[in-house]
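For this one, chain G is given, so just place chain C on it according to the hints.
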Amino acid sequence: MEMSGEYRIPAPIGDVWAALNDVEVLRICIPGCEELEQVSDTEMTAKVALKIGPVKARFKGAVNFENVDAPDGYSIVGEGQGGIAGFAKGGADVQLVEDGNETILTYQAQAQVGGKIAQLGSRLIKSTAAKLADKFFKNFHDELSGAETAV
Amino acid sequence: MSEGIGARVLRKEDKRFLIGKGRYTDDIIEQNQAYAAFVRSPHAHAAVKSIDASAAEAMDGVIAVLNGAQLTGDGIGNIICGWGVTSKDGSPMNMGAWSALATDKVRYVGDAVAIVVADSLATARLAAEMVEVDYDVLPVVVNSVDGLSDGAPQLHENAPGNLVFDWELGNEGPTDAALAGAAFTTEMDIVNNRLSPNAMEPRAAIATFNEADDHYTLYTTSQNPHVARLVLSAFYNVAPEHKLRVIAPDVGGGFGSKIYIYPEEIACLWASMKTNRSVKWTSDRTEAFMTDAHGRDHVTHAKIGFDKDHKIVGLKVDTKANLGAYMSLFSSATPTYLYGTLLSGQYNIENIYCNVKAVYTNTVPVDAYRGAGRPEASYVMERMMETAAREMGVDPAELRRKNFVTEFPHQTPVIMAYDSGDFAANQDQAMEAADYAGFEARRAEAASRGKLRGIGFSNYIEACGIAPSAAVGSLGAGVGLWESAEVRVNPVGTIEVLTGSHSHGQGHETTFTQIVAERFGLPTENIQIVHGDTDKVQFGMGTYGSRSGAVGMSAIVKAMDKVEAKVKKIGAHVLEASEDDIIIEDGAVKVKGTDKQMLWHEVGLAAYTAHNIPEGMEPGLKETSFYDPSNFTFPAGCYICEVEVDPETGTTQIVQFVASDDFGTIINPMIVEGQVHGGIAQGIGQALLEGVVYDDSGQLLSASYMDYAMPRAHDLPNYSVHHQSTTCPGNPLGMKGCGEAGAIGSPPAVINAITDAIGNNDLSMPATPAKVWAAIQAAGAKQAAE
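Chains G and C, in that order, are what the protein sequence lines are.
Take 1 as the starting number for the first sequence in my numbering and just add one per residue.
Take 1 as the starting number for the second sequence in my numbering and just add one per residue.
Since the hints were made in silico from the structure, they are not lab data.
Possibly wrong hints are sitting among the right ones.
[As the list claims (entries may be wrong)] When the alpha-carbon atoms are kept at most 25 Å apart in a straight line, the in silico BS3-like pairs for lysine-lysine are as follows:
id: 1; chain 1: C; residue 1: LYS402; chain 2: C; residue 2: LYS451
id: 2; chain 1: C; residue 1: LYS562; chain 2: C; residue 2: LYS592
id: 3; chain 1: C; residue 1: LYS303; chain 2: C; residue 2: LYS622
id: 4; chain 1: G; residue 1: LYS47; chain 2: C; residue 2: LYS49
id: 5; chain 1: C; residue 1: LYS21; chain 2: C; residue 2: LYS243
id: 6; chain 1: C; residue 1: LYS21; chain 2: C; residue 2: LYS569
id: 7; chain 1: C; residue 1: LYS569; chain 2: C; residue 2: LYS622
id: 8; chain 1: G; residue 1: LYS60; chain 2: C; residue 2: LYS49
id: 9; chain 1: C; residue 1: LYS771; chain 2: G; residue 2: LYS126
id: 10; chain 1: C; residue 1: LYS49; chain 2: G; residue 2: LYS89
id: 11; chain 1: G; residue 1: LYS138; chain 2: G; residue 2: LYS56
id: 12; chain 1: G; residue 1: LYS89; chain 2: G; residue 2: LYS47
One chain only, chain G, in its complex shape (with noise of 0.2 Å):
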C-alpha cells in the first residue's frame, strides 16, 4: 500500500535534515522504536514493537539511508521479522523544500507485510500504516518545533 503527506516544520531546512539523519531523534520518532543503532553512516539496525489487528510483535531488522541528496532529501528503508507474526517491509521518499526559515516536508512512502500480519490483520494494515506513518511525521514535526514529543 503506499501513503503520503505533507509537513511544513518551523526550522530551517539544514537542521531539519541534521535530524533526519540523527538516529537519537529517529529513534524517539518511530513508533514502538525500542532499539535503533547506527552500523555505518547509512545503515542502522532496529527493534520495533507493533500492534495490528489481533496480532502483537516485536520486529527486528535493518534500517537504511537510501539515495542521500543532502539537504534536499533522501530515501529510508526498512525490512524486519516479527517471527510467527510475518515479516514488515517499507520505505519512504523524504523531499524537504525551503521556505524561508521553514521546511516543507514531503513524503511518499510503501508498506508491504507478510505472514500472519497479512492473514489476520489484511482489513487493519492499511489505516495502521497509514496512521504510523503519520505519527512518524509528526513526531518529528513536534521534536523539531520543540514540542512534546508522543511516543
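Okay, now just chain C, sitting in the frame of chain G:
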C-alpha cells in the same frame, strides 16, 4: 418394512455426536505422545538459503527439528498426482517436484519447511518460531492469467511458462464452423471464484511408529484411508502396506479436501520413526485456510451459438485453471475430465470444443471441492443459457426446454453417455413449486416496496458414481474406482457390513443399514457398518464424487446377493425343500406356500455350527464383493432461485429457492434432503459470500473467519426441495448420487436471479453488496447513455 429403502430412518450415528462421544483424530491419545508444529514460509516464493534450528533445538521439551533435506535423504518420495493428463500436442503434463518439506524453494505462503516435535503443543509452536530460515525472496504470480503471461515469474523448471498442460476435448473445426453459421451467439467472460473448503473439523494426524515390529499406525482425517495407505507406501516410501495401518475415525466433513495425502501426514509418520514417539498434529483454522487444497478458480471465455429456431448449434469454451503451486492428488482431473465432459449440460449439442490450460501460481494447491469441475461446468453452461435467452428475448425456461436431451442413452460430443433422465419433468416440478407463472406479479409488488426482484434458473447435470475403472484408466487415472464390501452374518444372526466407502457426515451407518434391513427383513439395530480402518476393511476407494451410494452400496448389494444365495441353499437343505421355493422375508427363511421356516439367527447358527449344511459347502456366512460400475451416473435437476435486491445498498436476499432433483432411487429421504440443503448452502456461499483473496505479493488475506465469509442461517432461505426421479439403469439399486448436486446446481441460479433483478448480466461471484451496487450503477449508466 419401516426401516427399509425409502424410510426416513433417524441417523444411527447422531447419538454419539449429540452426547459428545464422537471420536475424532484429535481425540486419540497415544502413550508417549509428542506434538508437531510446522515451520511455514511467510513468503509466496523464495529460495531457501539456510535453516538454523539451533535455538529451537536448545529449548527444553524440544525433541527434534527435522527438515526437507533429511526427509528426502531418508528416501521419502515426492507427492504425486494420481491422474495423468495429456496436452493436446500429445505431451505429458509438466509436473513440478513437491517434497513434503521444502528443500530448496518455497512456492506459496504456508509451504512447510521443517517439522518441530516437542513434548507439548505450546513448546512445539514456540520452537517453530525460533527456527530461523534465510529466504531469498523471488517474484510472485497469483492468478492463472498472469501466470501464463510473458515474463511471469516461473515456479517449476520443467513447466515452462507455468503451463501444466494445455488440454482439449471435442472438435474445434466443426464447432467454429457451427458458431460462424449461427443465427444468434452469446459470448461471456466467466470467473469461478476460488474457495476454501472449511470442513468443520480441521485436518489432523497422529502417527505412531512401533520399533518392535517396524509397524506404523496413522489416525488421520481422511475420506479414503486405503488410498492414503497405498500412496504413503507405494510412492512416499514411508512403510510397506502391510506395515502401515491407516484409520480414519469420525471425520467432521471433507468436501473433497480430505481426499488428498498432505505433507503433514507424511511428515508426522516419518517424524514418528525418527523420534520414536507418537507424533500428533492438528491444524488450526488459519493453517487450514493456508494449506487445505482450495477449490474452483477458473477464468473462462465461452461462446454459444443458436440457429433461428433457438436450437443450440455449438459451444466453445476456453478456460484457464489455477492449480496453485503444486499438483495435488486429483488436481489434473478436476478441470478436465470432471469439467469439460459436462459442458453439454442437459442439452442436445452437436458441436462442443473445450480448451483448458492449467497453470502454476504461488498459491496453495487447488483440487476437487464439493462438485469438483462439475460446478464450474454448470456455472458456465447455465449462465450462458440464461444470458442467451435474455439477449434473444425468449423465456429462459422455454429456451432450455427446446434444447433438452429427451432420448436415452444419449451420447454427448464430450465423452459422457447420459443413461437416463427426464429434464422437462424436473423443470415442470420446479416451476410449479416456484409459482413461475406468478413471478411478474411478485416482481411488481416488490417494486412497490422499492426492491428489485429477480428469478433465475439452473438446470444442472453432473456425473457421479465414479467410476468405471477401465474407462477412467484409459483417461489417465492411476487407480481403479470400484468399491468393495464384505457382509458378515454372525452366528447369532447379527450382521456386520465392512465397506470401503468412508462416512464423514454422509450418514452411511444409517443408509447402508437400511438396504441390508430391507433385503433380509431385519431390524436396523441388528446391523453394524464398519469403515475407515485398513486393518478391518480389506480395501476400498473411499468417498468422494457422490460415489458411496451408486458404487459403495452396489458392492454391498452384490455381497448380499452371495449371502442370500448361500442362505437359500442352507434353508433348502435344512427345511428339505427346493432352493427355488425358498424366500427370505421378515427375518426368516421360509418355504413358499408352507408354514415351514427357519428364523434368521437359526440360519446363522447352522452356517457356523456346520452340523447340518449341504455336503461340500464351506461353513460360515461371510461374502465379499468388489463392484466396478459400468458407467457414471447422471443426477440432474432444475433449481429456481428468486431474490430481492435493495438498490440502495446492493444487498441480496434470497426469498425463494426451489430444487427438483433426479437422484434415482432414494434410500433415506431425510438424509438426501440434508445433502441437498447443505449443498445449496455451500453454493449460495460461493455465489454471495465466499472468496479466497491473495494479494499481489501472494499473501493470503482471507485466512480467518474475519475475512472469509461463510454462509450463516440468516443468509439462507427456507428451501423447497422436491424429487422427480428416473431409475438409473447402471446399478442394482438404481441410484444416481446426491452429495454434490446442491453445490453444483445452485450458484448459477443465484447469479441468474440477481442479474435478472438488476438488469445487468455482468456480475461475478461472490456477489457482495458492493459488487451488486456497482453493477446496478453500471446498468443505470448504460440505460441513461442509451
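Task: Indices of hints not satisfied (ascending) - done: Result: hints 1, 3, 5 and 6 break, sorted rising.
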